[in-house]
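Colleague: Chains as they are written, first to last, in the numbering used here: chain A, 1 to 498; chain B, 1 to 498.
These are computed hints drawn from the structure, not numbers from a lab. Wrong hints could be hidden among the right ones.
The list cannot tell twin chains apart, which means a pair is met if one copy fits it or any two copies do.
The list that follows gives simulated cross-link-like pairs (lysine-lysine, DSS-like), each with its CA atoms no further than 27 Å apart [unchecked claim]:
hint, residue 1, residue 2
1, LYS7, LYS90
2, LYS37, LYS16
3, LYS37, LYS217
Number of protein chains: 2
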Amino acid sequence: MKLQEAKEKLIELQQKMAAYNHATSLIYYDGATTAPKGVADNRAQSLAILSQESYLLATSEATVGLLELLDGNQAELTQHEKRQVQLLLKDIRMMQKIPLEEYVAFQRVMVEADDTWHTAKEKNDWKSFEPILTKVFDYHKKIAAWCAPEKAAYDYWLDHYEEGISMASCDAFFTTLREHIVPLLKRVQAKPQLDNAILHGHFPAADQEKFSFELMKVMGLSLDRVGLATTEHPFTINLGSHLDERITTHYYEDDFSNSMYSVIHEGGHALYDTGSAAELAYTVLDCGVSMGIHESQSRFFENIIGRSRAFCEYIFPVVQKYFPQVQGTAEDLYRAVNRAEPGLIRIEADELTYALHIMVRYELEKRLFANELEVKDLPAEWNRLYKEYLGVEVPDDTHGVLQDGHWAGGNIGYFPSYALGSAYGAQYLRKMKETVDVDACVRAGNFAPIDEWLRERIWQYGSLLTPAEVFRRATGEEFDPTVFTTYLEEKFTELYGL
Amino acid sequence: MKLQEAKEKLIELQQKMAAYNHATSLIYYDGATTAPKGVADNRAQSLAILSQESYLLATSEATVGLLELLDGNQAELTQHEKRQVQLLLKDIRMMQKIPLEEYVAFQRVMVEADDTWHTAKEKNDWKSFEPILTKVFDYHKKIAAWCAPEKAAYDYWLDHYEEGISMASCDAFFTTLREHIVPLLKRVQAKPQLDNAILHGHFPAADQEKFSFELMKVMGLSLDRVGLATTEHPFTINLGSHLDERITTHYYEDDFSNSMYSVIHEGGHALYDTGSAAELAYTVLDCGVSMGIHESQSRFFENIIGRSRAFCEYIFPVVQKYFPQVQGTAEDLYRAVNRAEPGLIRIEADELTYALHIMVRYELEKRLFANELEVKDLPAEWNRLYKEYLGVEVPDDTHGVLQDGHWAGGNIGYFPSYALGSAYGAQYLRKMKETVDVDACVRAGNFAPIDEWLRERIWQYGSLLTPAEVFRRATGEEFDPTVFTTYLEEKFTELYGL
C-alpha cells in the first residue's frame, strides 16, 4: 500500500470509529434519559454487538498493518497523523502483550465484578464483592507486569489514565494537599458554620430547567450543539464528534443550587469538548485529552468561577428572576454555596474536602499494588482513613468502600486525576488574571474573554497534546499544587473569618 | 459450510442487522425528539457510515453465499428459517438485477429528489421539483422492467410495498370505495355540520402528556417497553427489536383531540410491533409485516375503536378528569370527533374522506406508469381530481401535489396500503364481534379481549406470514371492501341523520 493510500485509510478508519461511538454513546444516553424502564436487555444486546464490531475494526489485521506501516514512516506524517497513530496503537500494543486466554478471562472477571458490585452496594454486602475484587486487583497487577515490566504496577495504571503521572508525582501532590487542607479544615470546623438556608425552598423542575438554559448561554455554550436532559446522575457525553454534545442534570425541587452546579460542571466538560478545532472532528484527536484536564475544566467553572463572589453577585438577580421567592443578598448566596463540611460521600463533597476523599482512595490503591494491603482488609482501612482525613465515622460499607463503581468498572488508578483537575484550575486562574480581569468579566456575566483564554490554550487541541503539554501551554509553568492550597486558604480564611 | 453452521450464521447475521437498525433508528429518533438543532450534519455522517456498514454486511459475498446455500436446502429449513432467507434474499435479488452503475445513479437521484422536494414544498415551487421527479419515475419504470419484466411496472411496485396486491385488486377496491363514499359524502354535505366546539379550549401540554400515558395504559401498551416523546409529526419506531418501541405525538394546546388520536393511532402501531412472538426478536421476522397490515392496526384503534360511541362514553369522564373545563356529554364528544369534511391535506383527513385522498394518488401513479400522464401535467391533474373526488379547490401546490414526501422519498406504490389498512379493520371488527362483545369491552375500558383477539391472529406472527395470509387468518374470509363501505354508511347515516 502506498503511503498516501494509507493516510486516506487512516481517515476512513477514524470516521467509522466515530460513527460506532455515536451509536454506542447514544444508546447509553437514551438508556439514561428517555428509554422506558424495561428495555435494558435490548440495549445490552445492541451495545455488545456494536462494541464488538467496533473492536474488530480497530484491531483487525488490516488495521494493525495499516497503523504499523504509518508508524514506520513517522518522518512522512503530519503532527496530527503521528498522534493519531500513537493513540490508535496504544490499546492494540497493550492487547498484543496480554496472552489471549488471559485477556478473555480478564473481560469475564470485569463483567462479573460490575454485576456483583451493584448488588453488593445495594445490600451493603462487602463479603459478596471481596472475592471478585481480589481477582480484579490480581489481574491489574498481572496486566501491568505484561505491558510494562520495567515499571511499578501502579505507575503503569496511573499513566494509563493520565498520561505522564506516577506515584512520585502523586505522592508529592497529595502530601502538599494534606499538609494544607487537613489543618485548614480543622480551623474551619472550629468556627460557626455558614448558613445555607437561602438555597432551600420549593423550586419547580420546570423553572429550574429554564434557569439551566440561561446558565448554559451565559457560559458560552452553543444551544445549537449542546443538548440538556435529566438523569439520575449528571454526566456529559459526546455523540461521535465534538459537533454533538449532551449534558444532563438532576433537579432537586428543595434546593436550586444542586442542579445549578451540575449544569455549570457538566457545562465545563461540554465547553472543553465542543471547543476542539473543527479539523479534529471524526478523528481520535477529537474532544478532551484526559480525565484530569477534563476535570480541570469542569471544576474550574463549577468552583473557581461558579463559587466565586463575583459569580454570586452576577447570578443572584438571575436566580431571583427564576425563583422570586429567594430572599437575601448575593453575599448570602456566596456564603451558602461555600459551606464546607466533611462527609461520607465523594460525589457530594464540597470544594475544600473533595481532595481528601480522593486521597483515601489513592492511599489504598497504592498499598494494594505494593502488596502492603490485602483486599479483605480494605473496609477497615477505608473507615480508618476516613476518620483520620475527614473525621467522620463510616456507618456501613454502602456509604464507605462500596460507594464508587470505579474499581468494579476496571478504572483503577483513575481517582487521582479528579484531584489533579481541581488543582490545575487554581493555576489557570492565576495565569489568566495576568491578561483578563476575571472578576470583572464574571460579575458582568461576560464569559467570552475567559472562554477565549481556555479555547486558545486548551480546548482547541482536543487530544493532540498530552495532558502535561496542555498544562504547560496553558500556564507556561510547571504544576505547583501550592497555588491551589493557597487559593483554598485565602478563600476559606476570609469566608470563615479564621 | 455445514448446514447447521449456516443456520447459526443466519441467526448471527440477523442479530447484527438488528443492532445496526437499533443504532440508525435511534439516531433518527434522537434527531426528531431531543437533539439540539445544529447537529444534523453529525447525524447524517454517522447515519451514512452505519447504513453503509449494514448494507455491506447484508450484501457481502459471504452473506449472499450463506443465503443461497440455505435457499438451496429448503427441505431442511424450519418455516421461520425459510421466510427469513426469502426476505433477506428479496432485496439482494433486486439489486443483482440492476446494473451497478444504474443502481448508484438511482441512489443519487433519490438523494437529490428528497432535498429538492423539501425546498420546493416550502417555496411552493413545483417547477424546481418537476425535472428530478421525472427522473424518479423514469428510474422506477426501468427498475421494474429489470426486476420483473413479466409484470406491468406499477404492479411490481405495488407488490413491493404490499406483498400480493396489484392494479387489478386495487382497481376493484377503489372502484367499490368510490361508488359508496362519493355519494355518501354528498349526502353528508347536504346536512348541517356536526358541532366540534367541545374539542376546543386551552389544554396545557403537561396535562395532555399525563392523559397520553393513561391512554397508552388503557390500550394495553406496556409502559415498560413503549416510550412516549413529542415531535413535529407523530410516528412509531422500534429500536432493533419489538422489545423497545417508541411512539411520538404533538400537543396542540387548543385541541386535546388531536394528540389523543395521534397517541391512539401510534399506539396501534406499537401494539402490533410489540405483540410479535418473543422468538422473533433479533430476526427479520420481528415486528409488523407490511404498511397495509400496520395501518390496519393503527387505524382500527384510531377510528373503528377510538371514534366509536362506546369509546367516547368510556373516555369522556377521563377527558374531564384531565381537562375539567370540558363541558357537555359523551355524545357531544362522539359527534365532534366524527365531523366529516373534505379538505386539502391527506394527513388531516377524517375517517370518511381519507380514502378519497389516497384514490387521487393511486390514479395518478397508475397513469404515470402506464405513460398516460406525464410528470409535467401532475399539478393540473392533481387539482382536477381533488375537485372531482373531494369538491375542493387546490389553492397552491404546497397544499396540493407537493404535500407528501413519498414520491421524493422513493415510496411510489405505497399509498394504496393506507386505504387498504383502513378497510381491513372493518372486516376485523365484524369477525371479532362474533366472539367478543366489542362495544361492552370498550365502554368499560377493558381492551384485553380485543388485544388478545388481535395478538393471537395478527400480532404474534410479525413478518412470518404474508399480508394476505395474515388477513385470511384473522378473518377466515377473502377481503371484501363493502364491509368497510357498509360500516361507513351505517355510521355516517346515523350521525348525520341521512
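Colleague: Now, for every hint given, state plainly whether the structure supports it.
Modeller: Status of each hint after checking the structure:
no. : hint              : verdict
1   : LYS7 with LYS90   : within (18 Å within a copy, 38 Å between copies)
2   : LYS37 with LYS16  : between (30 Å within a copy, 23 Å between copies)
3   : LYS37 with LYS217 : between (32 Å within a copy, 15 Å between copies)
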